[in-house]
Amino acid sequence: MSADLSLQAEPRSLPSAPPRRRRLDRKYVPLLVTVTLFCAMAALGSVMYTGFFSAQVFLNLLIDNAFLCIVAVGMTFVIVSGGIDLSVGSVVALTTMVSAALVQQQHWSPGVVIPLVLCMGAAFGAVMGLLIERFRLQPFLVTLAGMFLARGLCYLISIDSISISNPFYSAVSQLRFPVWADASLSVGAVIALAMVAIGTWAAHYTQFGRTVYAIGGNEQSAVLMGLPVRSTLVGVYAFSGFCSALGGVVFTFYMLSGYGLHAVGMELDAIAAVVIGGTLLSGGVGYVFGSLFGVLMLGIIQTLIMFDGTLSSWWTRIAIGALLLVFCLLQRAFERKRT
Amino acid sequence: MKLLQHRLFWPVVTLVLLLAVNAAVNSSFLRLAVRDGHLYGSLVDILKGAAPLGLVALGMTLVIATRGIDISVGAVVAIAGGVAAWMIGGSLVIHDGVSTYVSRFPMPLAIVCALAVAALCGAWNGALVAWVGMQPIIATLVLMVAGRGIAQLITNGQIITVYYAPFFFVGNGYWAGLPFPFLLAAAVFLVMAWLVRRTALGLFIEAVGINPAAAHLAGLPARRITFWAYVFCGLCAGIAGLVVSSTVKSADGNNAGLLMELDAILAVTLGGTSLTGGRFSLAGSAIGALIIQTLTYLIYSFGVPPEVNLVVKAAVVFAVMLLQSPEFRRTLAQLARRPLPAQEATR
Chain A
-16 MSADLSLQAE PRSLPSAPPR RRRLDRKYVP LLVTVTLFCA MAALGSVMYT GFFSAQVFLN
44 LLIDNAFLCI VAVGMTFVIV SGGIDLSVGS VVALTTMVSA ALVQQQHWSP GVVIPLVLCM
104 GAAFGAVMGL LIERFRLQPF LVTLAGMFLA RGLCYLISID SISISNPFYS AVSQLRFPVW
164 ADASLSVGAV IALAMVAIGT WAAHYTQFGR TVYAIGGNEQ SAVLMGLPVR STLVGVYAFS
224 GFCSALGGVV FTFYMLSGYG LHAVGMELDA IAAVVIGGTL LSGGVGYVFG SLFGVLMLGI
284 IQTLIMFDGT LSSWWTRIAI GALLLVFCLL QRAFERKRT
Chain B
48 MKLLQHRLFW PVVTLVLLLA VNAAVNSSFL RLAVRDGHLY GSLVDILKGA APLGLVALGM
108 TLVIATRGID ISVGAVVAIA GGVAAWMIGG SLVIHDGVST YVSRFPMPLA IVCALAVAAL
168 CGAWNGALVA WVGMQPIIAT LVLMVAGRGI AQLITNGQII TVYYAPFFFV GNGYWAGLPF
228 PFLLAAAVFL VMAWLVRRTA LGLFIEAVGI NPAAAHLAGL PARRITFWAY VFCGLCAGIA
288 GLVVSSTVKS ADGNNAGLLM ELDAILAVTL GGTSLTGGRF SLAGSAIGAL IIQTLTYLIY
348 SFGVPPEVNL VVKAAVVFAV MLLQSPEFRR TLAQLARRPL PAQEATR
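Residue numbers (the numbering used here), protein chains in the order written: chain A, -16 to 322; chain B, 48 to 394.
Read the hints as simulated data drawn from the structure, not as lab findings. Note that this is a predicted model, so its numbers are computed, not measured. Please note: incorrect hints may appear among the correct ones.
Coverage of chain B stretches by chain A, computed from C-beta distances (three or more under 8 angstroms per stretch; other residues unrestricted) [to be verified]: (1) 183 to 193; (2) 309 to 322; (3) 360 to 366.
Yeah, the Cβ is synthetic: ideal placement off N, Cα and C, and Gly gets one too.
Please work from the sequences and hints to get the whole structure.
Take a look at the structure:
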């Protein structure tokens, strides 16, 4: 992506050895800024609005954005590898639609449907990854076509919303795990936290994760190092597709319906969350843990605007846009120092 | 053989094929009639319907030629439509028994303001890309996300209905027997074609797209050219916004121009302009917009829901991308020489 569309396509000058330590510290700057800003906003909300400072309000951030968090984990890998995935929102919608159609209309067991849709998401991502890797196509375009395709397939199943009354789905959507006194987490939020943990582990302690970082840093070098670049690239998009499908399953629990208009624009929210979480869009630098905070940040903006009551909902989008701008500018300053 | 080599050959063939299929499905498709001094018929409808997309695609062509991309055009369409609809508004006033429509501000002022706001949006994108040096997709993503919010802010989260009749001419009027939106798009196309082919501007833009650093070293104001390409793209989206809001006689901050950025990029790609910048074709983009509109028309005439259009568009994007990829062509050439197992071919 970055290599094709940006003006900064030239390879970065190789750093010399001595100032390595200092640069390593600087890598954490965007992440630190995000965490600090999140704490500041949480403090601001707690001071300004009564009832804001409660465990449940903060856990709700996670419950209401669990699907976004799961999608953002997959997106982090894609962006770290230097690509982009615009199809995630549509794959979420397609997953809700297929689940609803199979469970509600065909009366399949959820135990069959859920693994099936997860495989479908992973396969969808893998095919896109294969096209990108094998034919050197631009990730932006391939995933754009994937986005059209997945949304269109939703409408082929049904134009209208299909609501789910399956007892398993209703039971799961009601299930809460107590965390602290009265505060509790939903199943989706627990899955989201698990995915963040798995993502962090995969990014830092597996060959797959390290290869993703190497590709994002410089694909040519990664090839010359003998790393399995091609299979890893396919794997990255397959993982993102899997995450989108899992996000879709969680979204189905959350909404208890399947609809082609679910999760419209979620790809933008996911990209915004990943960028706010300190992942460089040029690839090679980023943290799954940061994306969690990026998601929480989007959530807290929404919560603050909701608590305020006088601001309309569209201020959320403007605030997210402004935040995205600030972080992109921060990244530019950061990149300039690095080169 | 020379005809086959022409860059517009395949887009034109696609368009003609689509028109032929349309004519085969619907016998009255090619019929043109003159009623009330206007041309009527399916072909005229297509020209009229393709105008907003064509306008956006023309602006997008220049941006893509400079190796950029602008994914905020859909939001700019909504903003411009919102500004125009809010400033014109209009209400029915009965004065001395004669009912007249009154606008909030004079219509020319409203149109100028809407276009100025759209150009400002483009300038914002251009400044971020050219001077701050952000990646185009991210710089315009900011406005894409925030722009919908701004559009809703202008329309106050509601669908503003316009009651001022003279404004409807922009989207629904006819002039010299042809729909006004089409004439508007054609005028923009002609001005642009003259600017980029009869002055050195086109060459400069291609130079920037092929290698920004080399263009800068050659003494071209590369950053300024990039900046103005985005301003122009914003302006085009603004004109499209006026047409869209005038056609539907209202402005919807949430849904106006939704997914239009993607359609515009598709139109530009279909027209043979490569997303990697450099050589571009304005006529190609115009044909691309017509192809998309004809395709939409065809799907409507089959009686399937218009949403299914997305699947067809996806197939078209995949096909065009693969045909443009040298690796894919090489694979095909190899297949032609020595047949491989069938599964390789289907990939």
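Evaluation of the provided hints:
1. 183 to 193: holds (count 10)
2. 309 to 322: holds (count 4)
3. 360 to 366: Since 5 is at least three, the answer is holds.
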